[in-house]
Structures are given as structure tokens and as C-alpha cells.
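J.: The listed protein sequences derive, respectively, from chains A and B. Sequence positions in the first sequence follow the numbering used here and run 185 to 1075. Sequence positions in the second sequence follow the numbering used here and run -4 to 243.
Please keep in mind that the hints were generated in silico from the structure rather than gathered at the bench. Take the hints with a grain of salt, since some may be wrong.
Result set (DMTMM-like, lysine to aspartate or glutamate): computed pairs, CA atoms no more than 25 angstroms apart in a straight line [stated by the list, open to error]:
(1) B:Lys34 <-> A:Glu984
(2) A:Lys849 <-> A:Glu776
(3) B:Lys169 <-> A:Asp893
As the structure is a prediction and not an experimental result, all values here were calculated from the model.
These are the residues of each chain, in order.
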Amino acid sequence: MIEQLQRPFSDEESLAVLDGNVRGWFVENFKELTPPQRYAFKLISERKNILITAPTGSGKTMSGFLSIISRLFDLSLKGELENRVYCIYISPLRALNNDIYKNLTVPIEQIYQRIVKAKGVDIIKDNIRKVTIAVRTGDTSQKERRAQLLRPPHILVTTPESLAILLNSEKFAMNFKGLEYVIIDELHELANNKRGVHLALSLERLGDLSGSSFTRIGLGATLYPLEEAAKFLVGYDNGKPRDCMIIDASWSKPLDIRVISPVSDLIYAAEGSTEDATYEEINRIIKESKSTLIFTNTRSGTERVVYNLKKRFKYGEDIAAHHGSLSKESRLEVEELLKKGSLKCAVSSTSLELGIDIGAIENVIQLGSPKSVTRAIQRFGRAGHSFKATAKGETIVLNRDDLVECSVMLDAALKRHLDSFSVPQNALDVLAQHIVGMSLTRKWDVDEAFAVLRQAYPYHELEMEDFIYLLNYLAGAYVGLESRRVYAKIWYDEKEHAFGKRGRFTKVIYMLNQGTIPDEVAVNVFTAQNKWIGSIEEEFMTKLKPGDVFTLGGHLYRFEHSRGMKAFVTEAKDSAPTIPPWFSEQLPLSYELAIEIGKFREEFGKIVGDSIKRKQVRPIRRKEALPDKVGEFLGRMPMDENAKLAMFGYFAEQLLFAKVVPTHKCILIESTENTDTGKRHLIFHSLFGRRINDALSRAFAMALGEMLDIDVGIMVNDNGFVLSAEEGIDSGTIDDLISDITRANIGRMLKKNIRKTELMRRRFRHVAARSFMILKNYKGYKITVGRQQVNSQLILSAAEKIDPNFPVIREVYREIFNDVMDLPRAEQILKDLKSGEMTYRFIETPSPSPFAHGMLTFGHADVAMMKERRKHLQELHKLVMKRIKGWDAAQ
Amino acid sequence: MQLNDDVELLDGLPVIFIKSIDSLVIADPHLGYEGVMAKKGVLIPKVNLKHICTILDRAIKATKAKTLIVDGDIKNEFSTVDEEEFNELYDFINFAKERQVSLVLIKGNHDNFVERYRDAFKLQIYGQEADIGGYLFFHGEELPIGMNDGTKMLVMGHEHPAISIFNEVGKREKLRCFLYGKFKGKDILVLPAINYFASGTDINAVPEDELLAPIFERLPVGEMRAIAIGYGSTIDFGTISELKRAIG
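Pulled out of the complex, with its shape left as it was, chain A reads as follows (with noise of 0.2 angstroms):
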């Protein structure tokens, strides 16, 4: 069963069950239990599987090892102790298990020293020894390996890969028998993608190797739905999940946050004000605070940040950037000042979310959306470092629909609406990949391998079928016999119900090439005539669609196709941009979220509304006090008085120019003309979050394009998507369009619009590679990414020739529509819409209206073009001036 624990044990309690000398020690060095650790010394002690999320700072990592330590010393004590691994920890990221490794050896020696002094001589009468730990990552070297394998550690540090390795090392593997403990920490980063979905396959093989049901023990900032994580971190025994205990101490961190907008008008503030504005705003809060973290959601844009703040304020080294593109060197020398406490101020774009050491942090900005409410917290979180300490924080907006998104986020933060994650479920790749894995290590019964992989979470609903296709596939069923020699990864013999190894480089290759991070490298980019022009990430062009127009440069090009790791453009001078280049780095809006924004937009857009029938709009601009019930309303959420007035402005004029809010429960569809390039666009305001709207805009652009029999282009954002369509649109052709889409199978359709795409080329990559269909090394080359490329897409090119379901392909479509995208959502809102439980309107307008501005200057979005989105906005918004009555625009 899982349960969560509402009441905490008492310290007495919690005390009596360590060791004396670990009582004596934690007594000596702590004043009080922190709330995870009230919980977890008893029940870790019982061997009982738990679960905390707590915020950093809050001793989790002391809760989650104190009680393991205590027994491994007491073992000691008695001289029981064995040279085997007892405890596992597995941790995302190498820095974070070198922090563990540091932070356990001083308690582990001082404790031991404590005993040494009790004990004198005896010590080594009775041969009581200390108990070890130990790192195991990609970077440990042959001589540390040897030396593990010589004397295992009895607490083990490693990563998820450097797991599956040792699952496979016949030799080290002997020191897992026996194993008492796993702890998982970071729980939050692995549990919702394919690399917590392949540790938790490993666990169950471990369950298997060590012949032993370990205690497990997971750790992890806030998430939720809490019973999901539960049941990745304990998997499932006999079809039920196994028993676990859920300790949410996330809450025991005070929040104080709000939204602060830099000025009241974020369309009109004179040229580059706003961004004074926002600088002058930044440096206060930085002056004010002993220590400040800012969160920026893109590289390039914390590169800005620690820019202006230098030029502007003169500030020097105590300011610094923290990101995925600076080296590993750099990023540890700003952890390390981080945590001597000597930089005033750090900026991020997101990777110093994750649980690093970084001492004590006094307030946290965040510039723009973090997109989900619970990673909002998480970087909140990681302000007031200690557990009684509140977290300080504030999100500055920088466009109006930022403004709503962050007010609706931070609101919920405080009410503690979390949006959930979900677990990869029944991933074929990562399966094809342990089956691999298990062969290596012995005959299987069918049967028995099927049970211990259906133990862990993400394939507890897996089916024989596709077991066994996958057994197939790995055993070369595709190819005729004597070709098996080189194709089969595993013998399978479907008479005896049994598989096993197969093939003299298996082993090799297994090792070589298992884990699930991708390879990726950055694309070039050249025009037709083979000039080059720079590079953009893979990712971003797995965005891309033939006919996006991007800024590369500061220069703008159309992306036409490409070739291996090559990207074909041409120059696309007076277009507009329709795709940001940090498209790929900005993380989709999520689903609760974007829900709760409509239910807000709903709401609000009622009382301003009302408001606005009696009012004019006009003493709004002049910052006047708002109207009593805006204000009322307004006055309950986390937001300064700029943001307030903003926010009340936005929705008064899009009332008034389109009399109509689209909300969760309507989707505005709006058809217009681009002034400036006397385009016809068809906007959807559809505020589902970028997975969802990715999967309706392609389906409608199907639709949309058969109907008409044109080609449709598009563009995707959180808050909705733009067709672009060359003739007028009409609601009898709207209503058309509805209906053939509810009616049509989307899934089908999608598989045919994707097919053809970078998405898909990219992503069976991926999956090719995670299934050992191309490797990524072989028999010790490198195998270069543009390679590895060109052979997935033969690779894919002949097994739909073979098999439209092949396995492969299937995992990718999966990946696409329910990792990528969110199909069953999408499906769900188009249900919905055919019962009339979500409805829709159309309405026409001479210029887009105010909510539709975002979404078509969305490509502007970057730093070399920061001015024409402000431009180019600025014209949108005179347009919808000069449609409302009774306001000047010349003012």
C-alpha cells in the first residue's frame, strides 16, 4: 500500500533507534531533527520503503543516510560486517554524487573516531572497521575500479549508467547479493523521462541479482501527484504496487513571492525603458539581498544578464553565469563561491535548479515563465537555505502574456497547485535494451524475465505480445537466417520459452552503447549554394519545419531541409521570423497550468467586463486606480501595482476590440490580416501548453489543407497556433473544419504528417540507437553523429518497408505523440469539442486582437530582434486603439 504520513515521529523516538555512537554524534553536531528526518531515521530503520520530497536545505540527504549508516556501524560493531555493497545511492548527476561523497566521509570518520575513542585497543581486538563509501561514475578511473572490485564499498555512489554497467560486470555484480538499501535521489529529473524509465528496469534486475527485496529510499524536491512517484521509486509486486510510505515535507518552507512587472505599460514604455527598468529592478533586489540567484530559462539570455549587470552597475567578479555551455571547470569554480558565500549574485539558465550544493541563497529572481508551477517552486526553493528559512523570490514579466502566465503560476504556488508529471510508460527501446542486458547474464524462462521486467512501474501494464515481439526483433526475426549471425543481439527458441546471448561482440556492444541520453551535436547550417552560415543545436531543428523563417546571426533564413548534420536555408529577408531560436531550450508550458490560466482568463475577464461597461478604459492609462472589483480581485494574487495595472489594461482592451476572452472551457478562433504583410492568418487561441497545440495545429493544418486544397503554414505556441491561409475564411467553412476534424482519427493522421519530418528522423535516431539498431560505437570507433544519421534514416527508410509497426518505429511514434507531444490530450480536447463540453467561437477582425500579438510576434522573441518584436507590437496594438472607442491613440 502507499501511504502518506501526516504525523512525524517524535526526536526521542527518532533518536533511540540509531547506534549510540551516531546518537552521540548527530546530538553533538545538530541542535533539532529536521522535518524529512523526523520521519525517515524510524521508518528507514524498520526497513521501511519511503519517499520524501522535501525543499534543499532541509537535511534530506542526513534522513535519507543516517539511519543506514547507524546499522552498517552497529554491524561493525559486532563484527559482522561484510565486504559487500549495502546501500546504493543513485544520484542524475556526477557533481551531485562527488558533493554525497564529501558529505558522508566527514560524518562517517568523525563517527568512527567517536567509537575509536570508546573503544581503544579493542578496535582492532575485535576488528571493528570503518564503514567505506565510494564513487562509481564514467570518471572513475581503472585503478579505483580495481580496487572497488577488490574491496566493494559498502556504501556505493553512482550515477543510473554506471548502474547498468555494473549489472552487467560478472565480478562486481557478486558484491550486489545480499544489497540492503537503494536510494534514488533527484528523484523529480528522472522519474518523468526514459532515464529514470531505464534505471527502473535496472532496479528490478538488481531485485533479481541480489536475491534480496532491498529498502528503498527515494529523495526529491516537490512533485506530484505524489502516489505516481511512489510508485516508480518502489515498482510493483504480483500486479500490485509494492508497499511505500509517502513523506511530503515540501511545504515546510515558507514561500514569499510575487510577480513584479518593471512598468505599468509593457507596450508603450518608451524605447528601451523597460529594459532599464527591468535592470534597475534587478540591481535593487541584488543590493538588497546578501545573496541573489536569477534564473534566465536560456543560455543566451543569462549571458545578457551578467552582461548589462556589469556594464550598468560595475559590478565585477562577484557576479558570474552558470550554464550548460560553459565548461565543467567554470561551472565548479561558481558553485565553490557560491558556497564560500563570496559571489553577491549568480546567474543561471536552469542548471542550478538541480539539487548541487550551492550554500545559502537569500532571494531568487526568475526573468520570464519557468513554465510549471512546480518548478517555479523548485527555483524558489532553492532560496533560505535552511529548512526554517523562507523562500524569497520574485518573477519579473517582460510581456504581457508572461505577465498573466507568471501571476496564475505563482498564485497556485501559493495555494500548492502542483501540475503532474507522468512516467514514460512501456517504452520498447529501453526494454529492447535490458533484454539485451539480461541475456548477457543468463538463460531466461520467458516467463520469469517477463515477470521481474513488469515489476518496475513503467511496464507494470506490459503485454506478452509486444514482449515477444521485441524478443524477435532482438533475435533477428527480420532478417533471413543466415544473416542472424551478424543481426541477432539474443537467441530466442520459442519452443523451449526460453532466450540468451547471442553473438561474440554483444557483450562489447551492450556496454558500449547502453545508457538512453542521446548523442547530439550542433547542425551546420549553409544556404543553397553551400556558404555556411552557423550552427544551430539539433534540437532546435528537430523544431523545425520546411518554411519556418528563424534568425541566425542577426540575419533571417528559411529552413529548407537537410542532410545528416546539415541544415539548407535561404535567405528569407522580409519574412517574419516564425520560430525563436531558444524554441528548443524553452520548456512547453504545462498542462495544469495552462488550464488554470484559462480558468483565470475566464474569471477575470468577467469582473473586467463588468467593470468596463460602466468605465471608460482611458483613466486605466493614466495610471489611475483600478476599478474596485479589478482591484479587489487583483489584490488577492502574488503581483506589485505595475503588474496589476498591466494586467487589468490587457484584458479591458481585448474586450473591447473583441468583445470576447478565450478560455479553458472556449477556443477563441479568429480570423485576420497581418497589416504588414497582408497575409491572412487563422488564429487559434487554444491555451493547452505548446504538446498539446504542436499535435491540434499540425491535425488542423491537415484538415484545414484537404478542405481547401492548399498548403497551410504554421506556427506553435503555449498559449495557441497560427495558420496561415492564403484566402478568407468563413465560420461556415470553421464549422466544416470542426467537424471533419472531430470526426477524423488524429492519430492517423498525425503518423502521416510527421513522417516525413526532422522530428521523426531525429527521434528514430534516438530510439534506433537506444535499441543498438545503429551504435553509437563499434568494436571501439566513434561513430560520428552526421553518420549515425544518414544510417538511421536507411534504417528507417527500409523497416517500414518491412513492418509499418516495427518496433522501433512504434517506440518512435510513441515517444513523439506521448513524450514530445500530448496526443491523448489533444484527442481528449477534440472529444470535447464534438460533445459540446469545450466550445468555440469564430469572430473576424480587421487587425489580430490583443490576446492574438503574443502568439504572431512569438518569433521575434530573441535578443537581435528584441526591437522589431517591440515594433512590430506596437503597430498591432495602435491597430486595436484605434478600434476602441472613446480612447485617443495619438496619446
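Starting from the known structure of chain A, fit chain B onto it as the hints suggest.
T.: Okay, now just chain B, sitting in the frame of chain A:
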């Protein structure tokens, strides 16, 4: 599609039929491709041979031809005859035998050591080029030498020609094509690859100096007509320079 009285481009197939010599002609099968790749760690499922046989079955049925001319590169590996290659070569020869079609091979740059099978399988093998009934077949990695007044047409492979078409929102589609033009006053026809994986070189996108065959340095590529195949039909798309202008 009838190219002239004697030469037919079979609809939707990368195959031609020459009536006067009762022969089908294909180029660049590259048999054994997947097997060779598999040994380099790239496990491409095997589909090429089956794909080629399906095409040829249709062509033989439609024309009742008695001879199949392979205009170079029947196999893939340069240096040796790989075991995987041998198996496919063997199956391919048997396939022809079963359909009572005699095989004629023009050697391409990938076809070293293919002579080993000449006697065992009673193959007709030509080295550089072959004049069969006034048609000069050569693979294309070298210039043709045996042209004379009686030469009706030059037929080559090697280049794997294709064209790229972009639709209005910029989506690209690649189609294999024949190239048809003039060389020193004689008609020349370049065949697309029949190999499943060789989707081809975009003749309308790749700069002329990057084309493989030396003959393209000596004739106006822009004036050649691209006759594309796909979706079950064969359609004349006009000259390469027209295509370049239209597509940009």
C-alpha cells in the same frame, strides 16, 4: 512513356525496355548493401533485393523481355566479394534464371571480381562498355569511347539522378528521374538507381561541378530533360535549367 519508337520508360519504374533488342535495362542495384553495412555495425533490415525483384517481376510481365541488362554496379563493395553480397548475387541470378531471362552485366566501379561467377553462372560480362544493337551501354564512371555513326543512344547509370520539388510551404519531395539529353550529337539517357536506398543526387540542387560522372563536364546538364518517376507514373518535368528557375 515512350521515349521514341524503340525505347520505352516503363511507367513508375526505374527500368527501360528496348524493343529492337528485346531487353530490359536497369542500373545500380548495389546488391549486398545491407549485409556490408551490417558488418560496419549498421543493422539495416534487408529489403533491397526483394524490392528489385518486385520491380523486375512487373517489368518482365509487362514486356515479356528475354534479356536483362544491368548497366553497372550490380554489387556494392569495391574491394572483394563479401559473403553477404555473394548470397544476394546468387539469389538474383537464380531469380533471372527462373524467369528465363538472360543476364548481361556491364561492369561498374563496384564490380571488381565479378568475373569469378562468369563461368559458374554462364553470365555475359562486359568490361568498360558494350554496343548491343546500336545502343552503347556504359556505367558512367568513365567517358564512353566506342561511339560511331551507327550509335543510336548512349545509356548510363552511376549518377543516381533525382530531382527535388518544393511545395508552397517549402516541404521537399525527392523523386528519382531519368536524364535525357545530347552528347556529341547523340542521344544520351541516364538511368536512375534501382537500389532501394539510393534515393539519388538532386540534379536541380547540387552544383554541376559536384556531379560524379565525368561526362557531365562535357555536356550541357541544364539542357537535359528530367523525367521523374513516382506514385506509379513517369512524367517529364522539363529541362534541369527550367526546374532550377522554377524552384529557385
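J.: Each hint needs a verdict: does it hold in this structure or not?
T.: Hints, one by one, checked against the model:
1. In summary, the hint linking Lys34 (chain B) to Glu984 (chain A) is supported, as the alpha carbons are separated by about 21 angstroms, within the 25 angstroms threshold.
2. The hinted pair formed by Lys849 (chain A) and Glu776 (chain A) meets the criterion: a straight-line CA distance of about 14 angstroms does not exceed 25 angstroms.
3. Of the supplied pair hints, the one linking Lys169 (chain B) and Asp893 (chain A) holds, its CA atoms being roughly 21 angstroms apart against a limit of 25 angstroms.
Consistency with the previously given hints is maintained throughout, with no hint failing.
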